[in-house]
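Q: Each chain is listed here by its residues.
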Amino acid sequence: MKKSIPLTIVAAAGAVSLLLSGCSAQSGESSGEAWTIPTEDPTATISFVGINDPVKQNINEIIAAFEDEHPTITVKYEYVPFNDLNTVVDSRVSNKQGSPDLFYVDQPRVAALAQRGYLEDLTPQFSTYNDLFFPAAVEADSYNDKIYAVPMGSSTTVLFYNKELLAAAGIPAPAPDERLTWEQIKEYGAKAQAAGAEYGLLLQQPDRYYQLQSMPEALGGGSGITGTDMLTPALDNKGWLEAMEFYQSLFADGVVPQGVNSEQTDAAFASGKAAFEVATTDLVGVLDGSSVDWGASLQPTFKGAEAYSGTGGFAVGMNPFSKNKEAAAIFLQWMLVDGADGVTGYAKYRPGGVLPPQRKALDFYLTQPDFTTPSGKEVAQVIKEQTDTALPRPATVGYLEFEEITGRMFSDISNGTDSATALKTAERELDTAWAKYKK
Amino acid sequence: MTTRRRSALRPGLLTILGFVGPAIVLIVVLRLMPFGQAISSSLYFAPFGPLGSVEFIGLANYVDLFTIPEFQQTILRTLLFAVVINPLQIGLALLVALLVRQRIYGKAFWRLLVFIPTTIPLVGASIAAGIALRSDGPINALLGLVGIGSQPFLTSPDQALWSIIAIASWVGIGYWMVFLVAGLDDIGGDVYEAAKIDGAGTLRQFFSITLPLLKRPLLFVLVADTVVNFALFVPMQVLTGGGPESSTTLLMYDIYRQTYQYSNPNMGAAETVILTALMLTIVAIQFRLMKEKN
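Protein chains in written order, with the working numbering: chain A, 218 to 656; chain B, 50 to 343.
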């Protein structure tokens, strides 16, 4: 008898607590109510999660300028590393508490996040501005004909080179409209190393799909995803295998260093350690103030192959559970849509770095000091030439798994795993991970 | 007076609840409830994440998991990890505990030296270890000096898990040592004196006196260490991301990947239930093996 009392209490307490937790999970549904962007500012504090450094990448300046013009709205920016963005957004949006109000969204993830209910449908508030943007940017942020995020940045991948290191090795500097082949870069990189360069080549994001997609595509291997529902992996083919074997040889031959990760590559190039870096135009901002004498030319491709360059970028999405949708929309409008002559708050206060996806803002952007130096002008020329070769990442609801699994595959291959095995393993893992969407 | 004394000796239900209640509430809220939720969540299917439509599917998540070869390998790898790391850490902790109790010069200093890694947060310790193990890091420089040559450590599928075991043990041994030192201090010197008079040597003393009398703290350390190592996550997250070639993907890391990277918390919950079941089974075996004979 004595023993049974505490047990009953424990059981009862357990039952009550389970009941309570069941109830709490029901509260905090997304309102789903129609709302508009008000003409008068509400008083609110909005939270904003992003992957740009608030100091080095001017986010604090953007926010300060906004708060000056809109004194009743406070923006709290939270900086998270690129690799943690998805887990942070996943855990915080899914707890339905409404924070953060706004967050960065990598464009190929829009479909997956929209279908999962992590993004507010912004069609009623923002579709009137569609014409201000490049059509590809609006398309990338739409899913089922609805707008789920406001385009913030576009990008293109450029071959940067260190003039001094090339000259020391007797390598001719490529012209801005010249396209070196991967084979040449590998050879030149090794040559520059023999002449004293620490690294032959840096890949800005050495194990990410964004950076590497153009390699298999150039060799006819496709994007890696196929099928009408874009949920069938297609990595186990000749184009991918050739591309991955070449990619592996860059590391095996020591032209690309092992263990210098995405967060370290730009700084390594800016400190004069590498002969070449294939990078987004973000690198221009990093090189501002560096003593390296650099130049730029078109994104490389394989000998005799089609040329492709990376594109796409980040957008800003809204938490459907946000309690400050109006204030958040005012900030979005100020930062990414409004502005005299189409020059948005973002374009004005973050002059270097990410390419703007708005037509007029791009013209303004290319007149900024970073792009009017002799080297900067070369990048501006590359940016204009590469609109024809821009290759978007595939849109699929399974992009979350695709990026994670291919990321691990690239990393394994760069560390020496047999390419054919790695491609087959990744394909099998994708089949397993995507099976849930096909039930 | 007498009634008061009696009630003080035989506490009523309220008094018992007053003392035990807070602990029970905490156990229920922080342990049983989340586990109950994990069990319930593992029976559902939500292809589009926790905010999408939800369907009751019974044990299908478990059936799926056990038919995936990668998951079977993850289970085997997790068990291998447990079988290696727990005896290794406890054996070394005991050895160090015995050493630092010897009459050696600067005893406190040596104890401190072993304990210091424990005070560094695991994230910091992992980052430091990651730098130390890089191809151009100090450990490879030392290996180069003695002619062994550079080792890939965390980038090789054959060495990564062992490197993680080494890192986790570097941090763990000092912590478990503290409990064992306390246990050793509790064994009275007279027992050893008596043994000495009877002519028992050092080894005989260790196996016939130290080990049997250390059983209680050892059991605690064994169980707690097992649980901690099953839940080990930080070094994989910081250093290897579960790679290379999934060689450091243990159950705990896979739970994180399923839940947050693939937005599939139901599958993650099923794996959580499997991990807990595995852990409880092993702990039960440990209790049975270490059971006091009397």
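The hints are simulated quantities; they were obtained by calculation from the structure and are not laboratory data. For every residue, glycine included, the Cβ atom is placed at its ideal position computed from N, Cα and C. Hints are supplied without guarantee of correctness; some may be wrong.
[Claimed, not checked] Stretch by stretch, here's where chain A covers chain B in the computed footprint (C-beta under 8 Å, at least three residues):
(1) 98 to 106
(2) 138 to 144
(3) 157 to 164
(4) 231 to 243
[Claimed, not checked] Here are some chain A residues pointing at chain B (derived, C-beta under 8 Å):
(5) N303
(6) T345
(7) E618
(8) E621
(9) Y654
Q: Next, verify each hint and record whether it holds.
A: Now for the hints, and whether the structure bears them out:
With a cut-off of 8 Å between beta carbons, the region 98 to 106 of chain B has 4 residues touching chain A; three or more are needed, and the interface restraint holds. For the region 138 to 144 of chain B, the assignment as covered by chain A is violated, since 0 residues bring a beta-carbon within under 8 Å of that chain's beta-carbons and 3 are needed. Counting residues of the region 157 to 164 of chain B whose CB lies closer than 8 Å to any CB of chain A gives 0, which falls below the minimum of 3, so the coverage claim is violated. Figure legend: the region 231 to 243 of chain B, annotated as covered by chain A; annotation inconsistent (0 residues with Cβ-Cβ distances under 8 Å, at least 3 required).
About 7 Å separates the beta-carbon of N303/A from the nearest beta-carbon of chain B, less than 8 Å, and the hint is met. Taking 8 Å as the C-beta contact cut-off toward chain B, the hint placing T345/A at the interface is violated, the least distance being around 28 Å. A cut of 8 Å between beta carbons decides the hint on E618/A: the least distance to chain B is about 5 Å, and the hint holds. With its C-beta approaching chain B no nearer than about 5 Å, E621/A sits inside the 8 Å limit, and its interface hint holds.
With 8 Å as the threshold, the beta carbon of Y654/A comes within range of chain B, its nearest partner Cβ sitting at about 6 Å, so the hint holds.
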